[in-house]
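Number of protein chains: 2
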Amino acid sequence: MAPPPAPQTMKERILQTADKLFYLQGIRAIGVDTIAAEIGISKRTLYNHFPSKDALIAAYLERRFVHARPSDKPPAEQILATFDSLERRFAAKDFRGCPFVNAVAELGPADRAVKKIAIAFKESRRVWFRDRLTELGVADAEALATQLVLLVDGSIAQDLVRDDPAMARAAKEAAKVLLRNAGVDVGDEKVAKKRG
Amino acid sequence: MAPPPAPQTMKERILQTADKLFYLQGIRAIGVDTIAAEIGISKRTLYNHFPSKDALIAAYLERRFVHARPSDKPPAEQILATFDSLERRFAAKDFRGCPFVNAVAELGPADRAVKKIAIAFKESRRVWFRDRLTELGVADAEALATQLVLLVDGSIAQDLVRDDPAMARAAKEAAKVLLRNAGVDVGDEKVAKKRG
DNA sequence: GCCTAAGTACACAGGTCTGTGTAACCAAAA
DNA sequence: TTTTGGTTACACAGACCTGTGTACTTAGGC
Numbered sequence: 002m003a004p005p006p007a008p009q010t011m012k013e014r015i016l017q018t019a020d021k022l023f024y025l026q027g028i029r030a031i032g033v034d035t036i037a038a039e040i041g042i043s044k045r046t047l048y049n050h051f052p053s054k055d056a057l058i059a060a061y062l063e064r065r066f067v068h069a070r071p072s073d074k075p076p077a078e079q080i081l082a083t084f085d086s087l088e089r090r091f092a093a094k095d096f097r098g099c100p101f102v103n104a105v106a107e108l109g110p111a112d113r114a115v116k117k118i119a120i121a122f123k124e125s126r127r128v129w130f131r132d133r134l135t136e137l138g139v140a141d142a143e144a145l146a147t148q149l150v151l152l153v154d155g156s157i158a159q160d161l162v163r164d165d166p167a168m169a170r171a172a173k174e175a176a177k178v179l180l181r182n183a184g185v186d187v188g189d190e191k192v193a194k195k196r197g
Numbered sequence: 002m003a004p005p006p007a008p009q010t011m012k013e014r015i016l017q018t019a020d021k022l023f024y025l026q027g028i029r030a031i032g033v034d035t036i037a038a039e040i041g042i043s044k045r046t047l048y049n050h051f052p053s054k055d056a057l058i059a060a061y062l063e064r065r066f067v068h069a070r071p072s073d074k075p076p077a078e079q080i081l082a083t084f085d086s087l088e089r090r091f092a093a094k095d096f097r098g099c100p101f102v103n104a105v106a107e108l109g110p111a112d113r114a115v116k117k118i119a120i121a122f123k124e125s126r127r128v129w130f131r132d133r134l135t136e137l138g139v140a141d142a143e144a145l146a147t148q149l150v151l152l153v154d155g156s157i158a159q160d161l162v163r164d165d166p167a168m169a170r171a172a173k174e175a176a177k178v179l180l181r182n183a184g185v186d187v188g189d190e191k192v193a194k195k196r197g
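These protein sequence lines are chains A and B, in that order.
In terms of my numbering, the first sequence opens at residue 2 and continues consecutively.
In terms of my numbering, the second sequence opens at residue 2 and continues consecutively.
Careful: at least some of the hints might be erroneous.
The list cannot tell twin chains apart, which means a pair is met if one copy fits it or any two copies do.
What the hints assert, rightly or not - Derived BS3-like pairs: lysine-lysine, alpha-carbon spacing no greater than 25 angstroms straight-line:
1. Lys116 - Lys21
2. Lys54 - Lys21
3. Lys117 - Lys54
4. Lys12 - Lys54
5. Lys116 - Lys12
6. Lys94 - Lys117
7. Lys117 - Lys12
Hints were generated in silico from the structure; no laboratory data involved.
All chains, please: the whole structure from these sequences, using the hints.
Written as structure tokens, this is what we have:
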């Protein structure tokens, strides 16, 4: 109940600050000095908690890998709510795209560790969609799940360069069409919600 | 007709090499020394043609901004061919995502020049889709064009981390559903092509 | 009081990067 | 032949980066 009284452990404080700076300004753009200075600790302390910057980067990405919480709302609603959530995040001024895609783009294909966690994350998202679609009895849940993640990642990439939250709404509309086409009932054709 | 006898001007040779290295390994990952060494020229020569690395980066992105060639094929075919082309590029092992998205991700939101050209590029793609859709008589061509670019950028982002050309096919299938839903005739429902 | 663990301050090695300065070179034009 | 423009070789300044070494301080547990 009570809000956490402030960052607890030193390690967590480092990770929080690294997260903020890496995500907003880029991994390569931020040096360990900058992170230490931001917290007000010495660089030595940082290196006492993480053996290298690479380890810190890995920990940063792992911490970003939050699994979706279970929900008791109907699956179709959950799926569409994903896009509403995206739109809210786009509107926040501290949104800077997908940290995993950004890390792969920044660090290049040579960095196997980063690529591995990025793949795991993307796959977890796809599987989440697939499971919701299976609950809905969709025939080819695998294929449709892939199409939905394309819309998610597409809107993220577009918003990254255009700063336009409308991309999330566009993705949601497209998702509705795809779902309807697969026989899923999504609060209908501009009418249903109002006449409920 | 005759193939160009080899890179012509010094400037063009520099740009070609910068393109290859920037795109495949990342802008931040490649130093001007590396580019000069790859061509076999001195760093001084490079700086005689471009006043700064930033100028070289800008020139690299501008050179990547190739406008789509006009085509006389039917618009619907042109649109779907986009995804076939994507799939071919994904399959090539030297594909590394969208250079504009990558540049924005790498260089951060502070770099206005890069962001500007990235926005211009994305918009040009969207407008291209919109114009094809208008030719087809689609009612809300603007909205559908946006949805199609989401599929394009989504498949690019997914392929960047997963190296899976199937993402392009998935995008194409989704595009077909969206087009059909907008009243566009796309070589039909698994049957038409075989019976046509 | 004493000991240990954690953090601090700070210097520094060794690397990379961008960008410049300088003198020599070479080929083609005048 | 002389001049000129592009090029080379190479050193270097100045910045920034990762990572380490070292001696000092501080706070808690015993």
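Lys116 and Lys21: within-copy, between-copy, both or neither at 25 angstroms Cα: So Lys116 and Lys21 pass the 25 angstroms test inside a copy (21 angstroms) and across (21 angstroms) alike.
Homomeric proximity label, Lys116 with Lys12: Cα distance no greater than 25 angstroms: This pair counts as within: shortest intra-copy Cα distance 24 angstroms, inter-copy 35 angstroms.
Same-copy or cross-copy closeness of Lys117 to Lys12 [CA-CA at most 25 angstroms]: For Lys117 and Lys12, only the intra-copy Cα distance (23 angstroms) is at most 25 angstroms; the inter-copy one is 38 angstroms.
Alpha-carbon proximity between Lys94 and Lys117, which holds within one copy, between copies, both or neither at 25 angstroms: between (29 angstroms within a copy, 18 angstroms between copies)
Intra/inter-copy verdict for Lys117 and Lys54 if alpha-carbon distance must be at most 25 angstroms: within (17 angstroms within a copy, 31 angstroms between copies)
Alpha-carbon proximity between Lys12 and Lys54, which holds within one copy, between copies, both or neither at 25 angstroms: within (14 angstroms within a copy, 37 angstroms between copies)
25 angstroms Cα threshold - placement of Lys21 relative to Lys54: within (15 angstroms within a copy, 28 angstroms between copies)
This entry satisfies every hint, going by the numbered hints stated previously.
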